[in-house]
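Trainee: Starting from the structure of chain X, add chain G where the hints point.
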Amino acid sequence: MAELLNDIEWSEPTLSIVHDLEWESEVKADIGRVMDVHMRTSNSKWLRKTILKWPRYEAQEFPRKLADICILVAAQENACRYCYGVARSWMRLWGYSKKMINNIERSVQMAEMDEKERAFIRFCRNLSRSNPTPPKKDRDELIRLGYSELAVSEMAFLIVNQCFVNRVSTFLAVPPMDDLERLPNSFLGRLLRPLIGWKLRKMGWTENRPLEGDPDSFPGVVQKLLGLPAARAMNDTLEGALNSDALSRKLKVLMFAVVANSLDCEFCKEETHSMALECGFTEEEFKTALNTLSSVHLNTKEEKILSWTRETIHFQNGPMQSRVKELAQEVGEPMMLEAIGIASLANSTVRLAVLLG
Amino acid sequence: MDMIIYILIIGVLVAGLCLVILNQKKRNQKLEKLLTHTNEKLERLQIHFGRFTPEEVIEHLTDSDSAFKPTMRPVTVLFADLKGFTKMCEEIEPSDMVNILNGYFRCMSKVLTRHHGQVTELIGDGILSLFGALRNNPWQVQDAVMAALDMRLALEEYNKELKAKSFPELAFGIGIHKGKVLAGVMGNYELSKFGVVGDPINVAARVEALTREHDTDILITEKIKVELDNRFVLEPMPPVMVKGKSEPVITYTVKGLQKNKNP
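Those protein sequence lines, which keep their order, are chains X and G. Its first residue numbered 1, the first sequence is counted upward by one per residue in our numbering. Its first residue numbered 1, the second sequence is counted upward by one per residue in our numbering.
The following block holds chain X by itself, in its conformation from the complex (with noise of 0.2 Å):
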């Protein structure tokens, strides 16, 4: 059950900041403010990338009002106190009624809505959720009600976005945005909202470089979105991850393996496998590692984020924050983040494989 805002369990950062000067100048260059998360995730070049520039995607097949429904939607699907306060704030700040924000965070007086944008709600809840595994038959609703195929898969984008946003987040338990939470019903708040509401806006981002290359080449989740911004997004984010040399390939590739396993995805299980092989396992050493959650190929530290990938699917946030501080004392800060990251993307990738492939 969806949980609202005030009654999600936070617990205290688990990851400590990081201040790396050149990064924060970055940020400020673009947004104009560091927040917290991106002290937190300063560490890992691709994950404080993405966590920067995702959070804004601006989508590009459909309606505006739509992407601002699905932020909210996902956050609180995933109970990410964090991105759900910041998602509520952002609303009221783009003029939305408090009263339209409450419904529609408990479901209810949907019949003012139109049928287009209850089945686009209908969708992001599952796809956020994804238990069981996110329907086909929510995609095929949206189709038939006159959104093109690449207006859904853009759509699916957007979600799977949040949920690697929320992810993030919750694993690290960042503090909510006690200050933006409070504005929108400050009296400056109020009197300012225009005016806010317009430089949120203009903080929107969206990717203008093409995805250059062959299309067999990129990944096959990527593919599935040829034609739309979030191809050359999603290709960066994934390439970033798995090159990056904080964790093993070999580790990366089993815990992106887990999440496909767990979600019962043929589509990422066959990309895993053969992920898996190109980088070293034999068939016996795969199929052992996947039973197992353990392998010749991994030491104790590795093992343990591959166990701990497996409980990322499905969380509270309670014992997951609680486990993060945990094996972070036993892997080292370094090591926890990155895992944090693959593993949020794993589960973000997944599903939209699962939807898409």
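Be aware that one or more of the hints could be misleading.
[Said to hold, decoys possible] As a list, the in silico DSS-like pairs of lysine-lysine whose alpha-carbon atoms are at most 27 Å apart:
(1) X:Lys99 to X:Lys199
(2) G:Lys165 to G:Lys110
(3) X:Lys99 to G:Lys25
(4) X:Lys202 to X:Lys65
(5) X:Lys199 to X:Lys301
(6) G:Lys30 to G:Lys41
(7) X:Lys301 to X:Lys287
(8) X:Lys99 to G:Lys33
(9) G:Lys223 to G:Lys245
(10) X:Lys287 to G:Lys255
(11) G:Lys243 to G:Lys180
(12) G:Lys110 to X:Lys304
(13) G:Lys225 to X:Lys269
(14) G:Lys223 to X:Lys287
(15) G:Lys41 to X:Lys98
(16) G:Lys223 to X:Lys98
[Claimed, not checked] So, partial list: chain G residues that the calculated Cβ filter (under 8 Å) puts toward chain X:
(17) Pro94
(18) Arg135
(19) Asn136
(20) Arg231
Rather than coming from a laboratory, the hints here were simulated on the basis of the structure. Predicted, not measured: the structure shown is a model, and the values here were computed from it. We put the beta carbon where it would ideally sit given N, CA and C, even for glycine.
Mentor: Relative to the frame of chain X, chain G by itself:
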């Protein structure tokens, strides 16, 4: 004069309209309050209902028009039962016995949940737990055996607590088996519940009963053994005929885990 009458009529009409609007507004406010109240009640009900039925089932029932139709799925069944419980009940005050039992259930449920098991039923002093019943779990067999090993440790700890209070120590038997069961909401319109039906449940219960015969605490079947890797230290037990089976059942006792590799 006519003008005044017209103005009066318009005034009365406007006043009437205002009254109607105000009335309607009041009614809307009342309805909204009622809706909020009903929503809060529904949310509370969902929370309380969660203690009796798995959360996933509640979500399915509240979010869709269709019932949670029973489906066949492969699950690993863990059945745990206390040894000598009936005799213990005769010797201990009922209120103390309830406290001992509740403490035992609390400890065991915690371990089972940690290992991705779902406590489906508490039958007297027995616990029926399923792995992989509500969502796909490729590691259900390992999870169940690991849970059993941790239950052994948890019982040791709980026994220390009981000993300190001068209560007798508890001993359990655990049977683990895997197979396809029918899982879903079953029953009729008046009374229905989430449950599982199938031969693997009976086999797990029979295997649990064999722990007394083999004088051990954790027994697994051949179906479980073939899915385990060499981390688990197993010892084969002599095959035994059990009720309802034409072939003798081969079981293994789980001794523990081999030592971990170096960091």
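Trainee: If a hint holds in the structure, say so; if it doesn't, say that too.
Mentor: Structure-based check of each hint:
1. For the given pair, lysine 99 (chain X) sits about 24 Å from lysine 199 (chain X) by alpha-carbon distance, which is consistent with the 27 Å threshold.
2. Straight-line distance between C-alpha atoms of lysine 165 (chain G) and lysine 110 (chain G) comes to about 22 Å, which keeps the hinted pair within the 27 Å bound.
3. Taking the CA atoms of lysine 99 (chain X) and lysine 25 (chain G), the gap is about 16 Å. The hint holds against a cut of 27 Å.
4. Simply put, lysine 202 (chain X) and lysine 65 (chain X) have alpha-carbon atoms about 16 Å apart, close enough for the 27 Å limit, and the pair holds.
5. Proximity of lysine 199 (chain X) to lysine 301 (chain X) is assessed by CA-CA distance (about 44 Å); at most 27 Å being required, the pair is judged violated.
6. The straight-line distance between the Cα atoms of lysine 30 (chain G) and lysine 41 (chain G) is roughly 16 Å, inside the 27 Å bound, and the hint therefore holds.
7. The suggested pairing of lysine 301 (chain X) with lysine 287 (chain X) holds, with an alpha-carbon distance near 20 Å, which does not exceed 27 Å.
8. Using a Cα cut-off of 27 Å, the hinted pair lysine 99 (chain X) and lysine 33 (chain G) holds, with the two alpha carbons roughly 12 Å apart.
9. At roughly 15 Å between alpha-carbon atoms, lysine 223 (chain G) and lysine 245 (chain G) fall within 27 Å of each other, so this suggested pair holds.
10. About 25 Å separates the Cα atoms of lysine 287 (chain X) and lysine 255 (chain G), which keeps this hinted pair within 27 Å; it holds.
11. Pair hint lysine 243 (chain G) plus lysine 180 (chain G) holds up; C-alpha atoms about 20 Å apart against a cutoff of 27 Å.
12. This hinted pair checks out: lysine 110 (chain G) and lysine 304 (chain X) have alpha carbons roughly 21 Å apart, not beyond 27 Å.
13. Proximity of lysine 225 (chain G) to lysine 269 (chain X) is assessed by CA-CA distance (about 25 Å); at most 27 Å being required, the pair is judged to hold.
14. Between lysine 223 (chain G) and lysine 287 (chain X) the CA atoms are separated by roughly 18 Å; this keeps the pair inside 27 Å, and the hint holds.
15. A distance of roughly 21 Å separates the Cα atoms of lysine 41 (chain G) and lysine 98 (chain X); the hinted pair therefore holds under the 27 Å criterion.
16. For the proposed pair lysine 223 (chain G) and lysine 98 (chain X), the alpha carbon gap of about 56 Å is over 27 Å, so the pair is violated.
17. Hint status for proline 94 (chain G): violated, given a least beta-carbon distance of 34 Å to chain X, over 8 Å.
18. With a cut of 8 Å, the hint placing arginine 135 (chain G) at the interface with chain X holds, because the nearest CB-to-CB distance is about 6 Å.
19. Using the Cβ-Cβ criterion of 8 Å, the hint placing asparagine 136 (chain G) at the interface with chain X is satisfied: the shortest such distance is roughly 5 Å.
20. Against a cut-off of 8 Å between C-beta atoms, the interface hint on arginine 231 (chain G) holds, since the closest Cβ of chain X lies about 7 Å away.
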